[in-house]
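Numbering (numbering that gives the first Met the number 0), first residue to last: 0 to 168.
Since the hints were derived computationally from the structure, they do not count as laboratory data. Honestly, I wouldn't trust all of these hints.
Using 30 Å as the maximum straight-line C-alpha spacing, the simulated DSBU-like pairs for lysine-lysine come out as follows [what the hints assert, rightly or not]:
1) 82 to 1
2) 2 to 23
3) 162 to 26
4) 109 to 23
5) 159 to 145
6) 26 to 145
7) 145 to 112
8) 112 to 137
9) 122 to 23
10) 137 to 162
11) 2 to 162
12) 23 to 112
13) 122 to 82
14) 162 to 145
15) 162 to 1
Restraint-style ranges between C-beta atoms, simulated for each label pair [what the hints assert, rightly or not]:
16) 46 to 150: 38 to 44 Å
17) 154 to 106: 15 to 21 Å
18) 46 to 166: 38 to 44 Å
In this text the structure is predicted, and so the values were computed from the model without any measurement. Glycine included, each C-beta is placed from N, C-alpha and C at the ideal position.
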Amino acid sequence: MKKLILISGTMGIGKSTITEELSKQTKQSVYLDGDWCWMMNPFIVNEENKDMVINNIHFLLNSFINNSMINVIYFCWVMDEQKIVDRVLNGIALEDIDVQHSSLIASPEKLQKNFEGDITTGKRTLSDLQRSLDRLPKYTELRSRKIDISHYSVAETVSKIRKIILASS
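Kindly generate the complete structure, drawing on both the sequences and the hints.
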């Protein structure tokens with residue numbers, strides 16, 4: 000049975016890094032970051048663009064599901080509201096697909112530490128950090144498995160998630 004592994008978490012928590020590493024360690028897998036479906040300049044959040052992004056995600060996830068060479072699909076994105084998760088899942092052919100959703104959570108201190116390097120390189124700003132901190136509590140409300148990564152390295156978090164995935168096989 001194919002697996003669709005959703006990884007959600009606030010900006011800067013480490014979703015992309017962790018999900019990329021999970022995919023590298025999993026044969027016959029693919030990794031999609033929802034942000035890739037939104038790479039536009041200027042970055043404008045409106046209904047038309049939101050619909051386009053969701054349609055892009057649906058197309059790619061369904062294509063991966065229909066590919067006989069792919070057994071595990073990793074998808075990470077901010078997904079800070081259950082309605083976003085539901086909207087993603089509602090457009091996907093989920094027959095005979097094991098869907099698992101994990102939300103990465105962390106202490107504000109860990110999130111700030113993650114941001115430090117990104118702020119130094121100009122990838123993120125202090126206002127991004129504040130928005131991310133403000134969203135952090137929203138993940139406790141999702142119908143997902145919560146994984147607190149406050150005291151774990153990327154490698155330890157990847158190992159923990161892999162054990163969860165393998166346990167459900």
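Practice task
Indicate whether the distance between the beta carbons of residue 46 and residue 150 respects the range 38 to 44 Å.
Solution key: 40 Å, holds
Problem - Agreement of residue 112 and residue 137 with the hint, judged by alpha carbon distance not exceeding 30 Å - result: 20 Å, holds
Handout entry: Cβ separation of residue 154 and residue 106, checked against the hinted range 15 to 21 Å
Key = 19 Å, holds
Problem - Distance restraint between residue 82 and residue 1, which requires alpha-carbon spacing of 30 Å or less - result: 24 Å, holds
Practice task
Verify the proposed pairing of residue 162 with residue 1, using a straight-line Cα cut of 30 Å.
Solution key: 17 Å, holds
Handout entry: Assessment of proposed distance window 38 to 44 Å (beta carbons of residue 46, residue 166)
Key = 40 Å, holds
Exercise for the section: Verify the proposed pairing of residue 109 with residue 23, using a straight-line Cα cut of 30 Å. Expected result: Distance of about 24 Å is within 30 Å: holds.
Handout entry: Straight-line alpha-carbon gap residue 23 to residue 112, limit 30 Å
Key = Judged against 30 Å, a Cα distance of about 25 Å means the pair holds.
Handout entry: Pairwise hint evaluation, residue 162 against residue 137, where the allowed Cα distance is 30 Å at most
Key = Answer holds: residue 137 to residue 162 is near 25 Å, not above 30 Å.
Problem - Straight-line alpha-carbon gap residue 145 to residue 112, limit 30 Å - result: With Cα atoms ~20 Å apart, residue 145 and residue 112 stay inside 30 Å; holds.
Problem - Pair hint outcome, residue 122 versus residue 82 [Cα-Cα no greater than 30 Å] - result: 28 Å, holds
Practice task
Compare the distance between the alpha carbons of residue 159 and residue 145 with 30 Å, and conclude whether the hinted pair is satisfied.
Solution key: Holds, at roughly 12 Å.
When the structure is compared with the earlier hints, no violation turns up for any of them.
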